[in-house]
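Engineer: Each chain, written out:
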Amino acid sequence: MEKNINGSNIHVNEEGYLTDFKEWNSGIGTELAKECLIDLSPRHWEVINYIQGEFKKENPLSIRKIGKSGVVDIKEFYALFPKAPLKTASLIAGIPKPASCI
Amino acid sequence: MNNLEYHGEVRKMMIILSKASIENVYAAFILANGARMEGIDAELFFTFFGLEAIHKKKLKKLHVATVGNPAMHIPTLVGAMPGMEAMATKMMRSEMEKLDMPEVEEFLGILKDSGAKIWACKLAMDMFHYKKEDMFNDIDGVITVGDFYKKAEGFGTQILFI
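So the sequences go chain by chain: A and B.
If you count the first sequence from 1, position 83 lands on 79 in my numbering, and the numbers rise without skipping.
To convert a position in the second sequence, counted from 1, into my numbering, add 11.
For the record, the hints were derived by calculation from the structure and aren't laboratory data.
One or more of the hints may lead you astray.
[Claimed, not checked] With a straight-line cut-off of 35 Å between C-alpha atoms, the simulated DSBU-like cross-links for lysine-lysine are:
{"hint": "1", "chain 1": "A", "residue 1": "64", "chain 2": "B", "residue 2": "67"}
{"hint": "2", "chain 1": "A", "residue 1": "71", "chain 2": "B", "residue 2": "67"}
{"hint": "3", "chain 1": "A", "residue 1": "79", "chain 2": "B", "residue 2": "71"}
{"hint": "4", "chain 1": "A", "residue 1": "71", "chain 2": "B", "residue 2": "68"}
{"hint": "5", "chain 1": "B", "residue 1": "133", "chain 2": "A", "residue 2": "53"}
This structure is a prediction, so every number in the text was calculated from the model and none was measured.
Can you make the complete structure from the sequences, with help from the hints?
Structural biologist: Okay, here's the thing in structure tokens:
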């Protein structure tokens, strides 16, 4: 479905994840974060850049991997993106919902 | 979200682990971690043999059960032969490593960092003569069954026995 955000039209699935990463830009990320009640700080952006990098390399993401990334530890990851951190961070980053159980 | 807005969603998983074979320990850990990943609270209560999963020395030596486990598809007598458990355990560990599954101790650390709570059963601790110092450093405490139920209070709590 289409969604108008930050002045541009993007395509999202029924859970709100972008279906085409190419449509993402940082303005859209900021707006998506606001919908998740998160004000993005520089730390958030470091994490978002990291997970986008992994997505581009086609590396699947998991909580364990985030913890070993050297970018953020698991505690801080949960603090930055409360509730469901991996899902929320992926949604903001414009990448598909991770299919990981760990 | 208040209780008037409760629509039946799972808000907290209370998982009781009573066994120490690897497959059961991982089932409990993955369910708890999966809950946290979804924004659901998770608390683990380790009782009876489940305590081995948080016992500093024993958690490094957990095994797969090859006897009395029909899904292993090996005859009981063969499963009882020396070395079978070790072999099955080694195979399972290598498969888990491929899936990027952490070792037990690392997994406990991930659970704690994710905000899960880890409780040891007082009665079972007394029965096995374990002390709190024998256990994984980051456990949240040694509690009774009554304490555990108290912690389960509220809308949307599910209790699961493994």
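Engineer: Determine for every hint whether it applies to the structure shown.
Structural biologist: Taking the hints in turn, this is what the structure says about them:
1. A:64 <-> B:67: Given pair residue 64 of chain A, residue 67 of chain B holds - Cα atoms ~23 Å apart, limit 35 Å.
2. A:71 <-> B:67: Between residue 71 of chain A and residue 67 of chain B the Cα gap is close to 22 Å, so the pair holds against 35 Å.
3. A:79 <-> B:71: holds (31 Å)
4. A:71 <-> B:68: Holds, because 26 Å separates the two Cα atoms, which is no more than 35 Å.
5. B:133 <-> A:53: violated (48 Å)
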